[in-house]
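Chemist: Line by line, the protein sequences are chains A and B.
Here numbering that gives the first Met the number 0 is used: the first residue of the first sequence is 0, the next is one more, and so on.
Here numbering that gives the first Met the number 0 is used: the first residue of the second sequence is 0, the next is one more, and so on.
Since the hints were derived computationally from the structure, they do not count as laboratory data.
Note that the Cβ used here is the ideal one computed from N, Cα and C, for glycine as well.
Some hints here could point you the wrong way.
What the simulated footprint calls covered on chain B by chain A, stretch by stretch (three residues with Cβ under 8 Å from a Cβ of chain A suffice, anywhere in the stretch; the number is not a length) [unchecked claim]: (1) 24 to 31; (2) 47 to 60; (3) 65 to 78.
Chain by chain, the residues:
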Amino acid sequence: MQDAYQTLYTVALVVLSLLTLLCLERAVRGPGISSRIIAINMICTLTLAMICVLALMLGEGYLADVALLYAMIGFLAIVVLCKVYMGVAMEKREKGDIPK
Amino acid sequence: MTDIVRFILTAVFLFGGLAVLAAGVLGQYRFRIALNRLHASSMCDSLGLLALMVGLSISSGDGWIVLKFALTMIFLWIASPTAGHLIARLEATTNPRLDRDMEVIGK
Numbered sequence: 000m001q002d003a004y005q006t007l008y009t010v011a012l013v014v015l016s017l018l019t020l021l022c023l024e025r026a027v028r029g030p031g032i033s034s035r036i037i038a039i040n041m042i043c044t045l046t047l048a049m050i051c052v053l054a055l056m057l058g059e060g061y062l063a064d065v066a067l068l069y070a071m072i073g074f075l076a077i078v079v080l081c082k083v084y085m086g087v088a089m090e091k092r093e094k095g096d097i098p099k
Numbered sequence: 000m001t002d003i004v005r006f007i008l009t010a011v012f013l014f015g016g017l018a019v020l021a022a023g024v025l026g027q028y029r030f031r032i033a034l035n036r037l038h039a040s041s042m043c044d045s046l047g048l049l050a051l052m053v054g055l056s057i058s059s060g061d062g063w064i065v066l067k068f069a070l071t072m073i074f075l076w077i078a079s080p081t082a083g084h085l086i087a088r089l090e091a092t093t094n095p096r097l098d099r100d101m102e103v104i105g106k
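Produce the entire structure from the sequences given, and follow the hints as far as they go.
Modeler: Listed below in structure tokens is the structure:
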């Protein structure tokens with residue numbers, strides 16, 4: 000039974016890694032800054048899922064704490080990125096590069 | 000017998016969550032407008048991770064891990080809409096041709 004669970008977790012991890020790679024490609028190519036931030040947000044979600052699967056695959060309970068901290072740090076990164084690029088857009092608008 | 004049932008439930012929830020996550024990544028490729036992509040990514044955050052963590056909780060049976068997963072999900076349900084709101088406001092600020100793609104009210 001343990002082997003079956005290990006196989007299940009391995010398949011889930013492989014699928015999650017493929018999805019992360021596809022998302023990374025979208026983050027490099029996607030037009031516009033907000034599309035890139037959305038792709039980064041999604042990579043964060045997929046990594047969170049990977050950490051949760053690893054917590055049960057390795058049998059280490061403390062990885063669940065790591066998942067909680069990772070969710071918080073990912074949220075902080077999104078907030079900081081949005082604030083920074085909002086400031087950049089406001090500066091450009093004051094200079095008159097972007098019409099209102 | 001209960002082992003088999005638990006394994007099947009785990010597999011169903013795990014692959015359900017993976018299917019939702021895959022649909023979200025597919026949405027990143029199919030949608031053209033950033034606000035549509037935001038919809039696909041938010042669906043991943045809430046439903047995909049919830050199904051995945053329910054499956055993992057069923058398979059673990061350890062109370063503390065289930066509690067930590069529940070705490071993570073509660074935090075995500077608060078944080079993900081907030082992040083989505085910030086990203087949507089950034090898109091509305093930076094995109095100068097927003098009214099070409101959709102109807103903008105009260106600009």
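Chemist: Please count how many residues of the segment 24 to 31 of chain B have a CB within 8 Å of a CB from chain A and say whether that reaches 3.
Modeler: holds (count 3)
Chemist: Please check whether the segment 65 to 78 of chain B has three or more residues whose CB lies within less than 8 Å of a CB on chain A.
Modeler: holds (count 7)
Chemist: According to a criterion of three or more residues whose C-beta lies within less than 8 Å of a C-beta of chain A, is the segment 47 to 60 of chain B covered?
Modeler: holds (count 7)
In the structure shown, no violation is registered for any of the earlier numbered hints.
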